[in-house]
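Just so you know, the sequences run in chain order A and B.
Numbering that gives the first Met the number 0 puts the first residue of the first sequence at 0, with every later residue one more than the last.
Numbering that gives the first Met the number 0 puts the first residue of the second sequence at 0, with every later residue one more than the last.
Source of the hints: derived by calculation from the structure; they are not laboratory data.
No residue lacks a Cβ here, since even glycine has one placed at the ideal position from N, Cα and C.
Take these hints with a grain of salt, some might be off.
From the structure, some residues in chain B lie toward chain A, with a derived Cβ separation under 10 angstroms [what the hints assert, rightly or not]:
#1 PRO55
#2 SER57
#3 PHE221
#4 THR224
#5 VAL282
#6 ALA286
#7 PHE287
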Amino acid sequence: MIQTSKLISKHILQFLLTIVGIGFITASSFSLFLPKGERLPELWNQLQIFFWSFFYFKDLEVLMNVQELVYVPFYTVLKDPYVYSLTILFAAFICSIIVALLLSYITYMAPKLVKKIIHSLLFFLQSVPDVVMIAGLQIFLFWLFNKTGVMIIDPVAGLESKVYVLPIFVVSIIPTIQLFQMIYLSINEEEIKEYVEYAKAKGLSKSWVLVRHILRNVTITLLTNTKLIFWVIISNLFIVEFLLNMKGYFSFLFKNMNSPEIFFMSLVLLFIPFFILDVIFKYIVNRLRGVSV
Amino acid sequence: MKNLKQYLPILIGSFIIIGLVAFSFIYTYFIKDTIKPPPTFLYNDDGKMIGTYGYPPSLTYPFGVDRLGRDVFWMVIDGAKYTIAIALVVAVIRVVFGILFGIFYGFTGKKFEMIVSPFINAFRFVPAVIIVFPIFQMLQSGLGENQYKTIGLQILLISFIAIPILTNTIGDEVKEFLKNDFILSSKVIGAGNMWLRRKHVFPFLRTRILLLFVQQTIQVLFLLTQLGVFRLFIGGVVTLFIDDGDGRDMSKANEWAAMIGSNFFELSIDPWVIIGPSIAFIVTIFAFNLIKLGIERIIQKQPVPTKQLIHDTVHDFDSLSDFDFVNKTEVKTDLMKEEQSSYVLSK
Numbered sequence: 000m001i002q003t004s005k006l007i008s009k010h011i012l013q014f015l016l017t018i019v020g021i022g023f024i025t026a027s028s029f030s031l032f033l034p035k036g037e038r039l040p041e042l043w044n045q046l047q048i049f050f051w052s053f054f055y056f057k058d059l060e061v062l063m064n065v066q067e068l069v070y071v072p073f074y075t076v077l078k079d080p081y082v083y084s085l086t087i088l089f090a091a092f093i094c095s096i097i098v099a100l101l102l103s104y105i106t107y108m109a110p111k112l113v114k115k116i117i118h119s120l121l122f123f124l125q126s127v128p129d130v131v132m133i134a135g136l137q138i139f140l141f142w143l144f145n146k147t148g149v150m151i152i153d154p155v156a157g158l159e160s161k162v163y164v165l166p167i168f169v170v171s172i173i174p175t176i177q178l179f180q181m182i183y184l185s186i187n188e189e190e191i192k193e194y195v196e197y198a199k200a201k202g203l204s205k206s207w208v209l210v211r212h213i214l215r216n217v218t219i220t221l222l223t224n225t226k227l228i229f230w231v232i233i234s235n236l237f238i239v240e241f242l243l244n245m246k247g248y249f250s251f252l253f254k255n256m257n258s259p260e261i262f263f264m265s266l267v268l269l270f271i272p273f274f275i276l277d278v279i280f281k282y283i284v285n286r287l288r289g290v291s292v
Numbered sequence: 000m001k002n003l004k005q006y007l008p009i010l011i012g013s014f015i016i017i018g019l020v021a022f023s024f025i026y027t028y029f030i031k032d033t034i035k036p037p038p039t040f041l042y043n044d045d046g047k048m049i050g051t052y053g054y055p056p057s058l059t060y061p062f063g064v065d066r067l068g069r070d071v072f073w074m075v076i077d078g079a080k081y082t083i084a085i086a087l088v089v090a091v092i093r094v095v096f097g098i099l100f101g102i103f104y105g106f107t108g109k110k111f112e113m114i115v116s117p118f119i120n121a122f123r124f125v126p127a128v129i130i131v132f133p134i135f136q137m138l139q140s141g142l143g144e145n146q147y148k149t150i151g152l153q154i155l156l157i158s159f160i161a162i163p164i165l166t167n168t169i170g171d172e173v174k175e176f177l178k179n180d181f182i183l184s185s186k187v188i189g190a191g192n193m194w195l196r197r198k199h200v201f202p203f204l205r206t207r208i209l210l211l212f213v214q215q216t217i218q219v220l221f222l223l224t225q226l227g228v229f230r231l232f233i234g235g236v237v238t239l240f241i242d243d244g245d246g247r248d249m250s251k252a253n254e255w256a257a258m259i260g261s262n263f264f265e266l267s268i269d270p271w272v273i274i275g276p277s278i279a280f281i282v283t284i285f286a287f288n289l290i291k292l293g294i295e296r297i298i299q300k301q302p303v304p305t306k307q308l309i310h311d312t313v314h315d316f317d318s319l320s321d322f323d324f325v326n327k328t329e330v331k332t333d334l335m336k337e338e339q340s341s342y343v344l345s346k
């Protein structure tokens, strides 16, 4: 009982500290280039505003129309793009995990030549910046449309419509490659261990050993590195939303660049689901490892 | 021969990078003045006009010509030195400070870590572009006072946003390294933290500096493309006008990221304007990736292949006949050897 409460308080402390960190980053990026005497007071001022904005969350307002000065409550405006972007983020995350697992399964089972081809292909794909990838995909889609008149995926979001397939696809390419490399590396590390050899000696098939035994241990590596993957996905989606003209969370953030407290609040809201996932993953890893928490 | 094969990725990678930079310098100092600008109108063999600026790629213009009548290929070559230089400089600053702070961070206790690491975590959730954006805009609007100062500030900025995370990673590695047994024995003998840093931690990190440096260079190149999309260019900005009076911000230095970013909406009109710098980016990052691969291979020295374990001992004793005892006379010395080896293991 004492231990759990200790653990919870530790997580809460970490949570609060990260929020303080986010506040500090936003405040300093807004006040760094003010005239010399005003920097520190402005920083302090911003931090205070951030602190109080938690208590007046319902009163936060966003300027919607500059000419007519229309203010709209913050939480009503953010809700739609927030849900939209988070859907894409998690869909991309799940997609990249599934694809990476499948890919590493295929690579593990495949003959040497195929292994080599997959590896060199991924090595090349690793060197393609996301911006270039999006541009290339768009050019390809346009070209296809011009040639055949078939629009597989609408490459640019319209005024009202929401695109899902293309952003999820683009966002998940780079994380998939990274995840695949991680998984494949740890599969190779597990493969030389004794329990695998024993299982093989018992006559279990290669894929049975992989699925039933190795993957269980690989999950630990996978889950401990999710933070990195989330980070990549977030910064990718930021670019993708801008380029595909999507009305998601990040374009909302981009529009409200000049109101620090809205900016800060949105970032905190982005952080919350990822923090919860992180805690859950840590718990699962500890359970898998057999460490009693 | 085996050595050469090991160094092959590094050699090819550095050859591409050095070649690009050298070609870029040769262009600015020697070739630039000899090249004629592309003609305003293009005629076919019959003398009929077939087009004006915005030529698609052809043999004379491998990457095409943009709508302002500039040859994209030579722009890319010209921009190579700036792009690569920016990436290298930023990477150097990042690695130097990251290692400096990382070494100290590695020695801090658990309580310190519990307070600082969530704070650093915040940097992971705010994309770098977002942090940089307001500052870059402010710098770009206040341009003209001192260009070198602006460029310096921009470079420092994109270096420092990555340092907290880098410090964290290096610090964690140092912490892991400090768990080694020989550190403990060194401490028992009476080594202080400063001594450990100098004699153990720094030599351990020294092998990794190059790897970190290349990794950071690749990351900076990625970051540059992202910044370019948001029209945040390092260096001066020129506004060029196309005939309809529509101004467009361009980088003065033909830096690749800026070339992609400022022309992004040309995508459906004449895509070759961004394909050229994109290819350049891919080639450069690929070269750096090759170098990275080579360094990783050398550091790991390839895990011991299983082939060595299955060692056919028969051929070791070719001089003996089939039914001789191999170690008959050396029983005693063998025991000695075993003792020695166990001593070595338990060190």
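Evaluation of the interface hint that places PHE287/B against chain A, nearest CB under 10 angstroms: Holds, because the Cβ-Cβ distance from PHE287/B to chain A comes to roughly 8 angstroms (cut-off 10 angstroms).
Minimum beta-carbon distance criterion (10 angstroms), SER57/B to chain A: 18 angstroms, violated
Identify whether the interface hint at THR224/B stands, where standing means a beta carbon of chain A within less than 10 angstroms of its own. 4 angstroms, holds
Can the hint on PHE221/B be confirmed by a CB-to-CB distance to chain A that is less than 10 angstroms? 5 angstroms, holds
Closest C-beta approach of PRO55/B to chain A relative to 10 angstroms, hint status: Violated: closest Cβ of chain A sits about 13 angstroms from PRO55/B, beyond 10 angstroms.
Holds or violated: is the Cβ of VAL282/B closer than 10 angstroms to a Cβ in chain A? For VAL282/B, the interface hint holds, since the closest Cβ of chain A sits about 8 angstroms away, which is under 10 angstroms.
Evaluation of the interface hint that places ALA286/B against chain A, nearest CB under 10 angstroms: 8 angstroms, holds
Violated hints for the displayed structure, listed by number in ascending order: 1, 2.
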